[in-house]
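Residue numbers (numbering that gives the first Met the number 0), protein chains in the order written: chain A, 0 to 334; chain B, 0 to 334; chain C, 0 to 334; chain D, 0 to 334.
Worth flagging that the hints you see were computed from the coordinates, not collected in a lab. Check the hints yourself; a few may be wrong.
Identical copies look the same in the list; a pair holds intra-copy or inter-copy alike.
Below, computed lysine to aspartate or glutamate pairings styled on EDC-like, alpha-carbon distance capped at 16 Å [said to hold, decoys possible]:
#  : residue 1 : residue 2
1  : Lys156    : Glu184
2  : Lys289    : Glu244
3  : Lys289    : Asp242
4  : Lys249    : Glu238
5  : Lys289    : Asp98
6  : Lys154    : Glu184
7  : Lys249    : Glu291
8  : Lys247    : Glu291
9  : Lys167    : Asp177
10 : Lys154    : Glu164
Number of protein chains: 4
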Amino acid sequence: MSSSYGNNIKITIFGQSHSQAIGVTMEGLPAGFSIDMEALQVFMNRRAPGRSKYSTPRKEADVPAFLSGLVGNITCGAPLTAIIENTNTRSKDYDQIRDIPRPGHADYTAHVKYGGFEDVSGGGHFSGRLTAPLCIAGGIVKQILAAEGIEVAAKIKEIGGSSTEPAKAIEAAMSQGDSVGGIIECTVTGLPVGIGEPMFDGLENKIAQAVFGIPAIKGIEFGKGFAAAELCGSQHNDEFYFDGETVKTKTNNHGGILGGISSGMPIVFRVAVKPTPSISIAQNSISYEKGEAAVLSVQGRHDPCIVPRAVPCVEAAAAIAVYDLYLYRYRYQNK
Amino acid sequence: MSSSYGNNIKITIFGQSHSQAIGVTMEGLPAGFSIDMEALQVFMNRRAPGRSKYSTPRKEADVPAFLSGLVGNITCGAPLTAIIENTNTRSKDYDQIRDIPRPGHADYTAHVKYGGFEDVSGGGHFSGRLTAPLCIAGGIVKQILAAEGIEVAAKIKEIGGSSTEPAKAIEAAMSQGDSVGGIIECTVTGLPVGIGEPMFDGLENKIAQAVFGIPAIKGIEFGKGFAAAELCGSQHNDEFYFDGETVKTKTNNHGGILGGISSGMPIVFRVAVKPTPSISIAQNSISYEKGEAAVLSVQGRHDPCIVPRAVPCVEAAAAIAVYDLYLYRYRYQNK
Amino acid sequence: MSSSYGNNIKITIFGQSHSQAIGVTMEGLPAGFSIDMEALQVFMNRRAPGRSKYSTPRKEADVPAFLSGLVGNITCGAPLTAIIENTNTRSKDYDQIRDIPRPGHADYTAHVKYGGFEDVSGGGHFSGRLTAPLCIAGGIVKQILAAEGIEVAAKIKEIGGSSTEPAKAIEAAMSQGDSVGGIIECTVTGLPVGIGEPMFDGLENKIAQAVFGIPAIKGIEFGKGFAAAELCGSQHNDEFYFDGETVKTKTNNHGGILGGISSGMPIVFRVAVKPTPSISIAQNSISYEKGEAAVLSVQGRHDPCIVPRAVPCVEAAAAIAVYDLYLYRYRYQNK
Amino acid sequence: MSSSYGNNIKITIFGQSHSQAIGVTMEGLPAGFSIDMEALQVFMNRRAPGRSKYSTPRKEADVPAFLSGLVGNITCGAPLTAIIENTNTRSKDYDQIRDIPRPGHADYTAHVKYGGFEDVSGGGHFSGRLTAPLCIAGGIVKQILAAEGIEVAAKIKEIGGSSTEPAKAIEAAMSQGDSVGGIIECTVTGLPVGIGEPMFDGLENKIAQAVFGIPAIKGIEFGKGFAAAELCGSQHNDEFYFDGETVKTKTNNHGGILGGISSGMPIVFRVAVKPTPSISIAQNSISYEKGEAAVLSVQGRHDPCIVPRAVPCVEAAAAIAVYDLYLYRYRYQNK
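So here's chain A without its partners, still in its complex pose:
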């Protein structure tokens, strides 16, 4: 269904941009894990708005309140729910889009899907704000994985087509009231060989499913990805060798995944982030009510480039997907 994910660890995300609170429930956490709350907040802050000159001026503390699942800071095995209250909401900013859908947003598709009853304010459940609870869940899972020696780390690869001058690309867009997209690369290291289920629940399938949960992601590729389509097998195949007793591959064009299953090499994938659809520049749209063309200039608060804040979100989604599959690790061992 919609806003929940996972078979072994299950997360359910709720909230709208301007509802009383947003939050997440996590089921299947191990009992007895001590959450490092400071580290979690540091992780949350990487995503939080209002932290740099390129992000939306809407400043939310984004400090999770834990309603259940803990005794002190230690997981107790019961579902963990954490929420963030929405305090700094300016719903008036969104009056216009009740009638005029913003290009590039889910306003129109949600309007039809929910028969006009969708929560328009701030994009409702489709707002990028919903990546905050994703990061609560992902931040906790990252800590659990780290305790097992598994690290998930993402970084900006390109912005606006440039890998060398991202700040400049953002500033150029911002100065025009425009926005710009980019590419994020994520790496998972320390994952043992053999993680990932065949066919539809492989690492690629499940990471992709999770990562497309982040608004604005429009593509994902593993290892060489689209560049593999241009290669010959003799170039693309990664040869096996023994590094001591460990089996490795000389190259990592396969991005650490063969047959959907981890090979022991680093998992590497990249995602394409589209430019923020909210721009100040006037755009053509329609008026539902008048049944005719309308012009829209998105006021509100928005980022000229969502890519920097999306980096921890990609880590969060990847961590949850990987951990969910990691929890199957004993399944096929007949013991």
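Given the coordinates of chain A, assemble chains B, C and D onto it according to the supplied hints.
Using the frame of chain A, we list chains B, C and D on its own:
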């Protein structure tokens, strides 16, 4: 879990390359649908081996036998199971890979995952042959969608980096005992507005999860995809307009999906297909038994380019994903 | 997984008896449904403690706060989360059971399952208090079903073996510091013919799965139930007849369900509620720490008979199960 | 959905009484398990028809053919599919019920659900014959559990209300062209403490869901079950004690389950089996076509008492449910 997919229509794929049979069970089909068996066979034949000079000489009839779910050719509401018997198997070809994993294949990862009990022969459950039951299911679903006015069609976009000379690229690789990859583009038209669940069960999430079930797929992008990362919002946003009473967008950079939900515009996505990992050229690998380096030359039968045969597989996967979400269409309408 | 239920409507229950809050998230609600908040509170009050002389003196207002999923009182299609804050908690009462598990409770099994990290206080996630969020969800679903003409109603059938003098049976137990069990009967009327999936997702399977989510339920039977085991087919079979154009059965020994599917006759089932395990009478148990026998007298607050408060819980569980299957009603109709 | 069950071990049952074959696919089996095919056949034979004078004369060999998932007799980690071909079908016997639904069967409910496209023959997917693939799956799972020291065993408790003279009760019914029901008791021993997920995926929830997949089951109770409703807490609570270092309870009124989780005591439950609805005695029904009353005398082949053949089916369902939850056993242990 592993080899099943879907919430409303559920498919479960079983079989190994050289097991007695391969097949698929489909749950949730509508009752009373008359399957056009000839059309289904025509669809199956697009994937079947031995049909062109570029595909593996292993010739399987690939004619499904229906064990259940039908009365005559008409669905009866019970789970439908169809199988294809494996007749033309030459397991001896695979003796070598019990000890020496093929680069680019799942031999090594499956070996570790299943503790050495995996079915090595022909790649076992990881063989491309398992896309035959995927095509049975997808072929049936395509017919059901077509009856609702929804068409799923894929085509080769590029092979070996070239969109103009695919045959030449394949022949060049084949002459070297090598292989080559490519890009497939798939379009879904006729889907009403409002299909797709938010966050983790959107069209992008679920199409991606399904499509990565096809071996050799290493990337997927929707609409402009990775190219969107280089654009500004003002270039990438698709403006709405009224075409009569129908809302459309002037461009389709969003690939028919906004917020995971169909917009009424054609759904467009592309997948990257890696070059067939089986090549005759000698490759370095390892011997499990000897614990040392080994050289492998993959004999067996294999395609110099899997892309043409992957085209119907992409249609099949997309059709199943789209139909699964399409079946939610009444959910949010309070009536 | 654990604390979530459903395929079409999905509910996830979180919280512990003494955590900051307890609550529920509901996915898959129709958009545009106006919740009657007063009626919901009236329903909640039927379960709430402290309302009669037979229930625990712990008095909680049990007024849900809605964090998401609504615009005003109207569902917006996004996941709905409602919580109840835990205010009146006396965790000290439970110090003893950290070391000495209460007979008839989940203290011991949870202790082993969660390795000693379980939340002991008030029974943690296993507390009967968690039926409050179940009733929030069930109360809302009951309203949705009622709008479709489907009514779910449960009542006390027997207490302490008596169907005529329940109050007396409770008072007798209470005067001894003891407790007593009973039987609840639930009826679902107005459900159309054809609801329920075959085999493992039939009405009996799914109602049973939901109802056993209520602590203290130890048995369920449909229609004649266990009494059917003593009958002959000629006595038990319900003959069909036409009542005007409607097909009915003369008797309803089948309890409205044949092959897991609704027949149009009222669905009737009964559940067995065990006596409240918390009693003041001293009981033998063990001390984990000392590794020896120990005597326990449960202080805290508890009901001499949980049956009256369990009645709305049974309605809630049944309503959710039935509605979840009801949402499949268009699936097999090829249109 | 319909005919599949489980989260960790997943079984999907397909086939109709008179389709080409019936069968089951199992996902999530451990790799490397050697199936004892003789023992499996012995188990299958306990369910097979035509083995005693009380069961239907339809004699099917019921020998599973394995299409996939094995190398020799050893599981390879891929989905295992086994089928039984339907050879001895006499569809003509069922011509009458296309128009006149049999009382006590799913004929009418399936007719409405599937819009008249259901497979009428032999009861289609609702036939008791579908318990054969359930027993294939359950028989294999029983072997896996036994290798872990967990035994699942069921037996007849009562037939026609009598625990002492079951044969006589059956013969009495048979001599009248009638049928009779009964009660089966099932015990699971050797299950470690801590198995079972809270709330909706506890042992009671999941065993109940699985067991109601057997046609004719109309009730289930755990431990004291319905009798608990008549007891006081002081009578019903099972006191803990140390038996050496093992925690046990002096009595087992809780049936080995507290809070949905195994206590280490034997799991005990009973199910009510209704009398076989197929009887030779003439019964009143309706004619769809004529829209009026009709009289039906079920010819075909049927058992005067299904209870003896249902015993291994109950074991199969219980084994699958218990094993599915058993596979979660490492989940909460943070290691």
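Checked hints:
With identical chains, the CA atoms of Lys156 and Glu184 are at most 16 Å apart within one copy only, with a shortest distance of 6 Å there and 25 Å across copies. Taking CA atoms no more than 16 Å apart as the test, Lys289 paired with Glu244 passes between copies only; the shortest distance there is 12 Å, against 71 Å inside one copy. Taking the shortest alpha-carbon separations for Lys289 and Asp242, only the inter-copy value of 14 Å comes in at or below 16 Å, while the best intra-copy value is 69 Å. Taking identical chains as interchangeable, the C-alpha atoms of Lys249 and Glu238 lie at most 16 Å apart only when both belong to the same chain, with a minimum of 6 Å there against 47 Å between chains.
In this assembly of identical chains, the alpha carbons of Lys289 and Asp98 lie at most 16 Å apart only when taken from the same copy (9 Å versus 55 Å across copies). In this homomeric assembly, Lys154 and Glu184 come within 16 Å of each other (Cα to Cα) only inside a single copy, at 6 Å, whereas the closest approach across copies is 29 Å. Proximity of Lys249 and Glu291 under a CA criterion of 16 Å is satisfied inter-copy only: 15 Å between copies versus 60 Å inside one chain copy. Proximity of Lys247 to Glu291 under the C-alpha cut-off of 16 Å is restricted to the inter-copy arrangement: shortest distance 12 Å between copies versus 61 Å within a copy.
Taking the closest pair of Cα atoms, Lys167 and Asp177 come within 16 Å of each other only inside a single copy of the chain (13 Å); across copies the shortest separation is 43 Å, beyond that limit. Proximity of Lys154 to Glu164 under the C-alpha cut-off of 16 Å is restricted to the intra-copy arrangement: shortest distance 14 Å within a copy versus 37 Å between copies.
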